[in-house]
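There are 2 protein chains.
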Amino acid sequence: MRDVAVLGIGQTKFGELWDKSLRDLFAEASLQAIDEASVQPQAIYVANAGGGLYNGQQHLGALLADHIGLSSLEAIRIEAADASGGVALRQGWAAVAGGLADYVLVTGVEKMTDLESDYQGYVQTTFTDQDVEGFSGLNLTALYALVAHQHMAAFGTTREQIAAATVQAHAHARKNPLAQFNNAVKLESVLNAAALASPLRMLDGAPASDGAAAVLLGPLDGARKGRLPLVRIAGSGQAGDVIALHNRRTLTGFPAAERAAAAAYKQAGVSSSDIQVAEVHDAYSIALLIALEDLGFVARGQAGAAVAEGVAGMAGRIPTNPSGGLKAQGAPLGAIGVAQAVEIVRQLRGTASNQVANARLGLSHNVGGVGGTAVVHIFSKED
Amino acid sequence: MRDVAVLGIGQTKFGELWDKSLRDLFAEASLQAIDEASVQPQAIYVANAGGGLYNGQQHLGALLADHIGLSSLEAIRIEAADASGGVALRQGWAAVAGGLADYVLVTGVEKMTDLESDYQGYVQTTFTDQDVEGFSGLNLTALYALVAHQHMAAFGTTREQIAAATVQAHAHARKNPLAQFNNAVKLESVLNAAALASPLRMLDGAPASDGAAAVLLGPLDGARKGRLPLVRIAGSGQAGDVIALHNRRTLTGFPAAERAAAAAYKQAGVSSSDIQVAEVHDAYSIALLIALEDLGFVARGQAGAAVAEGVAGMAGRIPTNPSGGLKAQGAPLGAIGVAQAVEIVRQLRGTASNQVANARLGLSHNVGGVGGTAVVHIFSKED
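Listed in order, the protein sequences are those of chains B and C. Mapping of the first sequence onto our numbering: residues 1 to 383, in sequence order. Mapping of the second sequence onto our numbering: residues 1 to 383, in sequence order.
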């Protein structure tokens, strides 16, 4: 399979965007990526988690391709809960790497905020094992609360350490013009926010968001060298797991993410200690800790103390979620995995709003549900 | 890209299967295909059109992979309305052809009959351009009725000629043990059935169905020769179009299907006259006529007379839908495109319930909505 480069990127603002429709968001991000790459895609992968339930709209490949004037192209919609973006990125990478197409557009989009909040909870349960989890009232928040309790019980992780993830996310997003939240949050605010599912409270969870992100992929060989450094997809890994938590062997980590990371590291020929910047799936504060451990950035059980000490901050060993992540940049489900790639590309180009100095190797980590699907990509700066 | 063979097939009965769940159906078809191929897949493509709306269940890749004991594998859910199966088949083919994996399971599944009929109509509209079609009350039946009127006005196609498609479908399905309907239907019954959207009536439309179908794909080179002939995927093409009919240049054919067919014919190095058996997307009676013309089996405008004369019957020039097609075998949306492939493989192996003698080259044609997405595959018998 041939090497694949990211030739163009695009991203809308994330937030409650009342004046923009699902197709507006898709078009804005997609056209940015196409314009920057200055090539026309031959195929389009659309990542979207819940268009049928959020917007009463499916058949999204054809619909959205049409809205950017490319209705004749083959267009494929991918759904893997909030890992839809990462899965679509991997399929787009494989399409170019394997020779199905030379130029592929991968755009993730979600328009979540047109729904009332009660129904938001229902849509969340469709990403769980509905028969045994959703129907029992266990939405994603409740399931992540179980994970948090297990991590606290097994490793002595404290409530304050978990809350530190939220404080860090908001600090990182302050400079991000596309972020849903630019406000700082204090530790006390996280600890005293409205309760959701013990120990998680309102400020532990990522918001419902509208937004889109896009990458245009093409062969590295022959890619036009512009004023910006070229970025290559050096590794790609995906793995799955039982969705239902009661069937898992462990709740203190996500084995699917460990396997996806191992595959991506192997393909890229690097190890976790080589990574200089990461965008990880902090759907909840506890998920940041789990991610750091699953990816090998810190030892199992040590992430609570490590996050509190700043290991994942801008001055830490592994700056993580400089964008603000799902918590503060926002979490339009289908767009998450693609937005992570966009931020890593910016970091490697040296054009990020919250820049990690001299980064040459970055990683994105996208999780569906509570670890039922995980996708890891590694990106390298090419000279 | 390397040659790809179909190493195993599986299919459940299609129908109102009250005693089988979405995951039961998925498992039954998938395990048949895996057992027959005697290899374990490394990746799983799940085609499903409306699990979120029909079953309150998304994140279907991980969920269904788990249900067949393969939870650790990467699993990708594809949605393209009723073309989900064909699109997933093409992605699975590309994964093997391009080197992402050696063995890939592609399973299409839909569980539609748990919903009351009013809500069925709503789900249909999510496959249209909801903003301009669905919200105006135009569901798929109404849109296909517009297509039928255009075909009648442009070419003098008669109501009786259109109805002949339904009579033929039921005649073909009589021997199919997996078909939803085994009853013969008379022309008068079609003409006098309850009105849906003029000129289409109840017996012009495919039913809501539960069911699943699966293929296991692998490299042709080195494929084990068993007692059954090997079948190769000789051509694959996909194209899109504007979903909204008011933006189409023509309503008397589906340009996406013409482009998908042209790509598949070119890749296979054959023409329409070489095809000996076809499974086409007869979501409505008129759609059979459109398909025969889009695929080049009959000249534009001639399908009405040709179908009435039996050109697509078992003794005709191009035996079409020997399974009974969507109309009589059944139409579980996500399974359609995969079931078409399964039937063509049976035909080329010589094991079909309604066998076309000595068929060596077959075609499947899967359409999403009213031609917004189209996928065509060509299969050849290898000696």
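The hints are simulated quantities; they were obtained by calculation from the structure and are not laboratory data. Keep in mind that the hints are not guaranteed to be accurate.
Identical copies go unnamed one by one, so any copy, or any two together, can satisfy a pair.
Stated by the list, open to error - SDA-like cross-link-like pairs, simulated, lysine to any residue; straight-line CA separation at most 20 Å:
1) Lys266 / Ser72
2) Lys186 / Met314
3) Lys225 / Leu187
4) Lys381 / Asp131
5) Lys266 / Asp102
6) Lys266 / Ala101
7) Lys20 / Val132
8) Lys266 / Val311
No experiment lies behind these values; they were computed from the predicted model shown.
Going down the list of hints, with the structure as the test:
1. For the homomeric pair Lys266 and Ser72, the shortest alpha-carbon distance between copies (18 Å) is at most 20 Å, but the shortest distance inside one copy (37 Å) is not.
2. Taking the shortest Cα distances, Lys186 and Met314 sit within 20 Å of each other inside one copy (18 Å), while across copies they are farther apart (74 Å).
3. Taking the closest pair of Cα atoms, Lys225 and Leu187 never come within 20 Å of each other, the shortest separation being 45 Å inside a single copy and 65 Å across copies.
4. Proximity of Lys381 and Asp131 under a CA criterion of 20 Å is satisfied in neither setting, with 45 Å inside one chain copy and 42 Å between copies.
5. For a Cα distance limit of 20 Å, the shortest separation of Lys266 from Asp102 across copies, 18 Å, qualifies, whereas the shortest one inside one copy, 25 Å, does not.
6. In this assembly of identical chains, Lys266 and Ala101 lie within 20 Å of each other by CA distance solely across copies; the values are 16 Å between and 25 Å within a copy.
7. For a Cα distance limit of 20 Å, the shortest separation of Lys20 from Val132 across copies, 17 Å, qualifies, whereas the shortest one inside one copy, 36 Å, does not.
8. Taking the closest pair of Cα atoms, Lys266 and Val311 never come within 20 Å of each other, the shortest separation being 24 Å inside a single copy and 56 Å across copies.
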